[in-house]
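**Student:** Given next are the chains, with one letter for each unit.
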Amino acid sequence: MPKILANIRALKKTIRNVSNYDPYGGQSDLDGIQDSIAKGAALLDVIASTLSSSLPQANSGADLADILETIPQEDESVIEAAKEIEGLLDVRSYHGFDDERDLDQAQGTLSDEVSTWTKELLEWIARLEMAMKSLWDHA
Amino acid sequence: MLELVQSAIEREGLCWEAIWEAADEVFVFGSTACGLSNATSDVDVLCVGRGKRRQSSRLELIWIPAERVLTDRWLGSDLANHVARFGICLKGTPAWTSRVFVSPASRALKESQIRAAVKALRHYFCQLSIPYRSKRLLLLRRNIQRLLILRQGGAIPPVPMLDDQWSRCGWSWKDLMTEADLERFLSPGLCCWLSRTTESSRNSG
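One line per chain: the protein sequences are U and X, in this order. Here the first sequence is numbered in the working numbering, starting from 1 and rising by one per residue. Here the second sequence is numbered in the working numbering, starting from 1 and rising by one per residue.
Hints in this document: simulated from the structure, not taken from any laboratory. Careful: at least some of the hints might be erroneous.
[To be verified] Subject to a maximum C-alpha distance of 25 Å in a straight line, what follows is the list of computed SDA-like cross-link-like pairs (lysine to any residue):
hint, chain 1, residue 1, chain 2, residue 2
1, X, K135, X, K52
2, X, K174, X, R73
3, X, K52, U, E113
4, U, K13, X, R107
5, X, K119, X, F185
6, X, K52, U, A6
7, X, K135, U, G26
8, X, K119, U, A6
[Said to hold, decoys possible] Simulated restraints, written as ranges between beta carbons of each label pair:
hint, chain 1, residue 1, chain 2, residue 2, range
9, U, D22, X, S7, 43 to 51 Å
10, U, Q27, X, E3, 40 to 48 Å
11, U, Q27, X, E21, 16 to 24 Å
12, X, R99, U, Q57, 50 to 58 Å
13, X, R73, U, K119, 21 to 29 Å
14, U, D75, X, G170, 45 to 53 Å
15, U, Q27, X, R122, 45 to 53 Å
16, X, T93, U, P56, 42 to 50 Å
17, U, S28, X, D72, 37 to 45 Å
18, U, N20, X, Q152, 22 to 30 Å
19, U, E120, X, R73, 22 to 30 Å
20, U, S134, X, R99, 49 to 57 Å
21, U, P56, X, D72, 48 to 56 Å
Using N, Cα and C, we set each Cβ at its ideal position, and we do this for glycine too.
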């Protein structure tokens, strides 16, 4: 469990990097966002890897939410948070970060869609972290 | 097809009539449009006009403002090319679908996505159990196929067609990475894994 919590914190840090985007940073900053999105998606699989290896009933290779569903009496909020995180990361990692579509050119900021995505994702990750901590405390 | 799209939209709690009314053009695209969808496929819909994007495991609803469909940025995008080639128009008479082309920007975007995915895979490879390595590689393989198609100026087909092409082409991962000029991004460990898993990824892909 401590390893999972460490990875959830790493995921949070990775997604926070998206908000640190500098519109004047050029290609390296754009690549940085792309890296954060890809890292986030891979980290989610690292978390699922760790969890599934410690749960004999879990189907290795399954999504995090499906693995969490195999835990008896698992809190619905943990499963919901995992589903939301997976959904948000899947979509964004499929589409990548497009400076034309995802930047508000007039304001020189991230578009509303990306800002909302980052905010929502961080909220769901924080919820997952809290729920996992509480599971750990009660274990 | 119209009923299928309507039902996918209404299942998400959205008002079909309002969307239909607000859109100048409505397209269905992806595996549904090609008759290749399965139980896990989502329904992909593109509307020209102004509306709110919706994304879930069952529906992807994308809006593009009417004033943008004739810009080079849109016409050169992989999505515009895909919709023009594989999509089905349910409403409107689109003037843009015959004018699409693959822009350098859309190729560059795909390249940067792939570089980021390879970098992440290198970083976390040792922490991923085998099924998750296979999952990441499957996603990466499809993206590299997409890049190769874009480089040839083609439209990206839906996932079932990509997988079918892969199972028929007889390429190894090494062939794929060489063709895409991505070999230099791989670590020795990842190269070794790829050479060992070519067959299993082909079978699972």
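**Student:** Going back to the hint list, which numbers does this structure go against?
**Tutor:** 1, 2, 4, 6, 7, 11, 15, 16, 17 and 18
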